[in-house]
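Going down the list, the sequences are from chains P and B.
Using this note's numbering, the letters of the first sequence map in sequence onto residues 1 to 111.
Using this note's numbering, the letters of the second sequence map in sequence onto residues 112 to 317.
Please keep in mind that the hints were generated in silico from the structure rather than gathered at the bench.
Treat the hints with care, as some may be off.
With a Cα cut of at most 25 Å, we get these calculated DSS-like pairs of lysine-lysine [unchecked claim]:
| # | chain 1 | residue 1 | chain 2 | residue 2 |
| --- | --- | --- | --- | --- |
| 1 | P | 101 | B | 230 |
| 2 | B | 230 | P | 100 |
| 3 | B | 149 | B | 275 |
| 4 | P | 110 | B | 230 |
| 5 | B | 301 | B | 236 |
| 6 | B | 149 | B | 236 |
| 7 | B | 230 | B | 275 |
| 8 | B | 141 | B | 275 |
| 9 | B | 230 | B | 143 |
| 10 | P | 101 | B | 141 |
| 11 | P | 69 | P | 56 |
| 12 | P | 101 | B | 236 |
| 13 | B | 143 | B | 275 |
| 14 | B | 230 | B | 141 |
| 15 | P | 100 | B | 141 |
| 16 | P | 45 | P | 56 |
| 17 | B | 141 | B | 303 |
| 18 | P | 110 | P | 100 |
| 19 | B | 149 | B | 230 |
| 20 | P | 100 | B | 149 |
| 21 | B | 301 | B | 230 |
Quick caveat: nothing in here was measured; it's all calculated off a predicted structure.
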Amino acid sequence: MNHKLKNTPIILLILVLIFFFNTAAIVLAEENDTKEQISIDSVLKLLNNQNNDISKELRQIKREIMSLKSVLDKPRLTEILGGIGYILGIFGIAFYVYAKKTLNENSQRKL
Amino acid sequence: MHISDGVLPIQVSIAAYGASIGIIGLSVYKTKGEDIPKIAVVTASFFVASLLHIPLGPTSVHLLIPGLVGILLYNSAFLAIALGLVLQCILFQFGGITALGANAIMMGIPALICGWIFKLLKGSKIISHTVVAAFCGGLGVILSTLFLSLLLFTGGENFIGVAKLAIVAHMPVLIIESIISAFTISFLYKVKPELIGVYKIEDIYE
Chain P
1 MNHKLKNTPI ILLILVLIFF FNTAAIVLAE ENDTKEQISI DSVLKLLNNQ NNDISKELRQ
61 IKREIMSLKS VLDKPRLTEI LGGIGYILGI FGIAFYVYAK KTLNENSQRK L
Chain B
112 MHISDGVLPI QVSIAAYGAS IGIIGLSVYK TKGEDIPKIA VVTASFFVAS LLHIPLGPTS
172 VHLLIPGLVG ILLYNSAFLA IALGLVLQCI LFQFGGITAL GANAIMMGIP ALICGWIFKL
232 LKGSKIISHT VVAAFCGGLG VILSTLFLSL LLFTGGENFI GVAKLAIVAH MPVLIIESII
292 SAFTISFLYK VKPELIGVYK IEDIYE
């Protein structure tokens, strides 16, 4: 009988250890579930934040593009001077032709 | 106040081109050769004038001086305005190239009318010149907006609505142009009366 009783504390210890590991596994399994939920929420939050940042930057870029467009659309000094040059040139040629004609008429009259 | 591409129907823009080419020919025929430097300077200032913007709330309207151009140039006004508009269209893309004829009619005919009215109503004193110049300056803007509403009406817009909106939007332009025309004509009367056709007795007897 002592032989059989000698083994019981070891068997008890083994049973306790098995019991302990089972509960530990169950508890850890539950924590794993909530951890997964926590990580889904945090990923969603991260995505939202990223979206907000990106849309802020997009809005900034769009504003810059609009201001750039308005600056480009305005007539530049070169274009203004070019237009004035064209006008003076066309009327200059016309006036030259008229002056030549008048000179010829005057010189013919003198003849 | 330039009409862009795609607003007017094709027949209207072609008809406007034909009419403006005809009136340009008439203008060239009636132009005297010795006036050409004056026409050149006035065309250049008309070309530059629409770069002056007057802010009006969210947008801005720009100065156009059909009245003053008509007063100074009389019969050659249409030629000057048409040339100025062509260069504005090509260089600054003000208004579309298909609407060039319509733009020329919209601004050239009020200029001619203002020139004729000025010549008709101007007295011989400086005060009557100034008052009639102010009146013609404002009249030019009003006639231009009326022509604009007429042209847009052919494109399918509501005439009265567009006319009201355009005139209200161009009220500051009207006031500024009347003042500018009055000051310019009174200045020219004192400094170089020959430019506006005022010949004093001392000039005739040399």
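Consistency of the hints with the structure:
{"no.": "1", "hint": "P:101 x B:230", "verdict": "30 Å, violated"}
{"no.": "2", "hint": "B:230 x P:100", "verdict": "31 Å, violated"}
{"no.": "3", "hint": "B:149 x B:275", "verdict": "35 Å, violated"}
{"no.": "4", "hint": "P:110 x B:230", "verdict": "37 Å, violated"}
{"no.": "5", "hint": "B:301 x B:236", "verdict": "11 Å, holds"}
{"no.": "6", "hint": "B:149 x B:236", "verdict": "23 Å, holds"}
{"no.": "7", "hint": "B:230 x B:275", "verdict": "29 Å, violated"}
{"no.": "8", "hint": "B:141 x B:275", "verdict": "36 Å, violated"}
{"no.": "9", "hint": "B:230 x B:143", "verdict": "17 Å, holds"}
{"no.": "10", "hint": "P:101 x B:141", "verdict": "17 Å, holds"}
{"no.": "11", "hint": "P:69 x P:56", "verdict": "20 Å, holds"}
{"no.": "12", "hint": "P:101 x B:236", "verdict": "37 Å, violated"}
{"no.": "13", "hint": "B:143 x B:275", "verdict": "39 Å, violated"}
{"no.": "14", "hint": "B:230 x B:141", "verdict": "16 Å, holds"}
{"no.": "15", "hint": "P:100 x B:141", "verdict": "19 Å, holds"}
{"no.": "16", "hint": "P:45 x P:56", "verdict": "17 Å, holds"}
{"no.": "17", "hint": "B:141 x B:303", "verdict": "23 Å, holds"}
{"no.": "18", "hint": "P:110 x P:100", "verdict": "15 Å, holds"}
{"no.": "19", "hint": "B:149 x B:230", "verdict": "17 Å, holds"}
{"no.": "20", "hint": "P:100 x B:149", "verdict": "18 Å, holds"}
{"no.": "21", "hint": "B:301 x B:230", "verdict": "18 Å, holds"}
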